[in-house]
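Participant: Residue numbers (the numbering used here), protein chains in the order written: chain A, 1174 to 1625; chain B, 1289 to 1463.
Fair warning: there could be bad hints in the mix.
Now the stretches of chain B that chain A is said to cover, found in silico as 3 or more residues with beta-carbon under 8 Å [claimed, not checked]:
1. 1317 to 1328
2. 1331 to 1337
3. 1363 to 1369
4. 1390 to 1401
5. 1405 to 1419
A few chain B residues that face chain A, going by a derived Cβ cut-off under 7 Å, partial list only [said to hold, decoys possible]:
6. Leu1341
7. Val1344
8. Leu1346
9. Ile1360
10. Pro1382
11. Phe1383
12. Val1384
13. Ser1423
14. Tyr1424
15. Ala1425
Restraint ranges, calculated between C-beta atoms of paired labels, are given here [unchecked claim]:
16. Asp1367(B) to Trp1532(A): 50 to 60 Å
17. Val1384(B) to Trp1532(A): 35 to 45 Å
18. Trp1532(A) to Asp1300(B): 39 to 49 Å
19. Ala1351(B) to Val1481(A): 27 to 37 Å
Since the hints were made in silico from the structure, they are not lab data. All figures in this text were calculated on a predicted structure; none of them were measured in a lab. Note that the Cβ used here is the ideal one computed from N, Cα and C, for glycine as well.
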Amino acid sequence: MAEASTNSPAVLRGRHDFPEISGRIGSIVLNGRLPRHFWIAFLLCFLLVLLFLYSITYLIAVGVGAYGINVPVVWGTMISNFVWWIGIGHAGTLISAVLLLLRQPWRASINRFAEAMTLFAVAMAGLFPILHLGRPWFFYWLLPLPNVHMHWPQWRSPLVWDFAAIATYATVSLLFWYMGLLPDLAVLRDRARSRGAQLFYGILALGWRGSAFHWSRYQVVYFLLAALATPLVVSVHSIVSLDFTFAITPGYHSTIFPPYFVAGALLSGFAMVLTIAIPLRWAFSVRDMITLRHMDNAAKLMIAAGMVVAYGYVSEAFFAWYSGEPYERAMMAERALGPYSPLFWTMLGLNCGVLQLLWFRRIRRNMPLLFAIAIAINTGMWIERYIIVVTGPSRDYLPSAWGEQSLTWLDFGILFGSIGTFFALVFLFIRILPAITIFEVEELAEEEDKLR
Amino acid sequence: MSLYGVMAVFADSEGLVEAARGMRERGYRRMDAFSPFPVKELDGILEIPKTRLPWVVLAGGIAGAALVYGLIWYSVEIDYPINVGGRPLHSWPPFVVIAFEAGILGAAFAGFLGLLAANGLPRYHHPIFNAESFSYARGGQFYLLIEAADPKYRKGVTKGQLTRLGAEVVEEVKA
Chain A
1174 MAEASTNSPA VLRGRHDFPE ISGRIGSIVL NGRLPRHFWI AFLLCFLLVL
1224 LFLYSITYLI AVGVGAYGIN VPVVWGTMIS NFVWWIGIGH AGTLISAVLL
1274 LLRQPWRASI NRFAEAMTLF AVAMAGLFPI LHLGRPWFFY WLLPLPNVHM
1324 HWPQWRSPLV WDFAAIATYA TVSLLFWYMG LLPDLAVLRD RARSRGAQLF
1374 YGILALGWRG SAFHWSRYQV VYFLLAALAT PLVVSVHSIV SLDFTFAITP
1424 GYHSTIFPPY FVAGALLSGF AMVLTIAIPL RWAFSVRDMI TLRHMDNAAK
1474 LMIAAGMVVA YGYVSEAFFA WYSGEPYERA MMAERALGPY SPLFWTMLGL
1524 NCGVLQLLWF RRIRRNMPLL FAIAIAINTG MWIERYIIVV TGPSRDYLPS
1574 AWGEQSLTWL DFGILFGSIG TFFALVFLFI RILPAITIFE VEELAEEEDK
1624 LR
Chain B
1289 MSLYGVMAVF ADSEGLVEAA RGMRERGYRR MDAFSPFPVK ELDGILEIPK
1339 TRLPWVVLAG GIAGAALVYG LIWYSVEIDY PINVGGRPLH SWPPFVVIAF
1389 EAGILGAAFA GFLGLLAANG LPRYHHPIFN AESFSYARGG QFYLLIEAAD
1439 PKYRKGVTKG QLTRLGAEVV EEVKA
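Using the sequences provided together with the hints, build the complete structure.
Facilitator: Now the structure itself:
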């Protein structure tokens, strides 16, 4: 199970006993004495939160014209941010659910924060379609609520499917995450010294006592939720891609989109896992629990997903040509050579070029370099979403109606604001809840101990 | 104060499994084990019945999907039919998408709430928390509880048996 050959470093490094595991993970939360650089980083994120709030207020007060969109390109960064964030969320579900079903032991120490990452990414993603609406206060019209208009949502619209998919995804992720937290909250409840912490974790733990009868049901349901989350995650990003493919706009109308979006989601999601995990294991000295094995495997999954994405690019271009449609062909040519071509080639360079470095084990095991590659892929994937959203409408059927959009400060204010808010939430999560699953690491340590 | 049972503490899961098996062979039935992580062998020893929760999850999924599909059907056929160029009102393929999501949502809620209900959680208090040595604070402690309601239960005898099975601490638990 955990063969510690030179090719694959052990999932857990060194020998661990139970008091040490629960003590180390629990004390990050309970002592509350986090390193200074933690709070400095949090402060920087908090400034971005303020920028986010300011930008949103400005957007709502002035209207959607305040950021780059303009006819004919009326879908802009709000949509690309949305797709990007949802994609980032997907790696968390893949790690926690799919790897659980495949019984991959290496998921144990990273699944908790990967799930948290999913939740926060979905929280960010959910904001963007609402901000995109122009009149965000009417977003509830997407819900089948009894109201004075006597109307129903348009069930045949991908935007309504999207709403259903995102709402379901957020809810199921939350349930799955909370269920995984229960046993660890019981550990924190018992470890907590202050009355406030005892009450807080005690109430959240719901009276969990680790009875064998409870564990037996718990495992069955946990597996079932994982089995439900797996088709869900595929359906969510497929439905997101249907927002595009259901339109006849050149560059949107393509059957490759659902699988290509799901693969892109995994690529950017794993890049984000590495972006968080590499500083996390360094800052909290948990390099023996989140080991090189985890980093290595995540990098391998990145290259697997990345090659599918590259296939998507090729297939998109090929079918634009093979369709014989002049509009599709013109759009593709304009994407590569037109006003957005610098972004297009940057995207290819990052998502297909830089990615190839991960074939080398020395690079996968070199943490600063891997971190830089993860940042590059995150950027590349954001550009990819932007390219997809923008180039289609900018080169529509009627050449006289061609036009571009430009990015304004507000586009970046909202994008970086959302990134800051996301990381601020991650920091708060690390402060308040155990970022590594205590009970699964203990289980893993015991299994490894038996093998010795 | 009446007695709920006696609880034995073990340092590792093997000790707990051995003791549970031993007590089982001595004829005890009303036992429970507590561990910081699931211990597979206990399912057989404690004769934990196979849970029916998967059926609850399935029912939740079907209910969620059926309810939402029914709502959509009602809205397009009865409450607000709009004739768009003679296209069918009940155009099912797009409706399946939302029904699928609703099915997953229903199944997940049924699973989570069903688990809490079956386990009797949330629960404000349980007698096991009266035991001094019961705590997950140090991680890796394993507990075996013999209820006083067990017909084989004899205070001194049971405690002695648990000690001989390798318990580190044996403690009476008040109800």
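Participant: Decide, hint by hint, whether the structure agrees.
Facilitator: Each hint tested on the structure:
| no. | hint | result |
| --- | --- | --- |
| 1 | 1317 to 1328 | holds (count 8) |
| 2 | 1331 to 1337 | holds (count 3) |
| 3 | 1363 to 1369 | holds (count 4) |
| 4 | 1390 to 1401 | holds (count 8) |
| 5 | 1405 to 1419 | holds (count 10) |
| 6 | Leu1341 | holds (6 Å) |
| 7 | Val1344 | violated (9 Å) |
| 8 | Leu1346 | violated (9 Å) |
| 9 | Ile1360 | holds (5 Å) |
| 10 | Pro1382 | holds (4 Å) |
| 11 | Phe1383 | holds (6 Å) |
| 12 | Val1384 | violated (10 Å) |
| 13 | Ser1423 | holds (5 Å) |
| 14 | Tyr1424 | holds (4 Å) |
| 15 | Ala1425 | holds (4 Å) |
| 16 | Asp1367(B) to Trp1532(A): 50 to 60 Å | holds (58 Å) |
| 17 | Val1384(B) to Trp1532(A): 35 to 45 Å | holds (41 Å) |
| 18 | Trp1532(A) to Asp1300(B): 39 to 49 Å | holds (43 Å) |
| 19 | Ala1351(B) to Val1481(A): 27 to 37 Å | holds (36 Å) |
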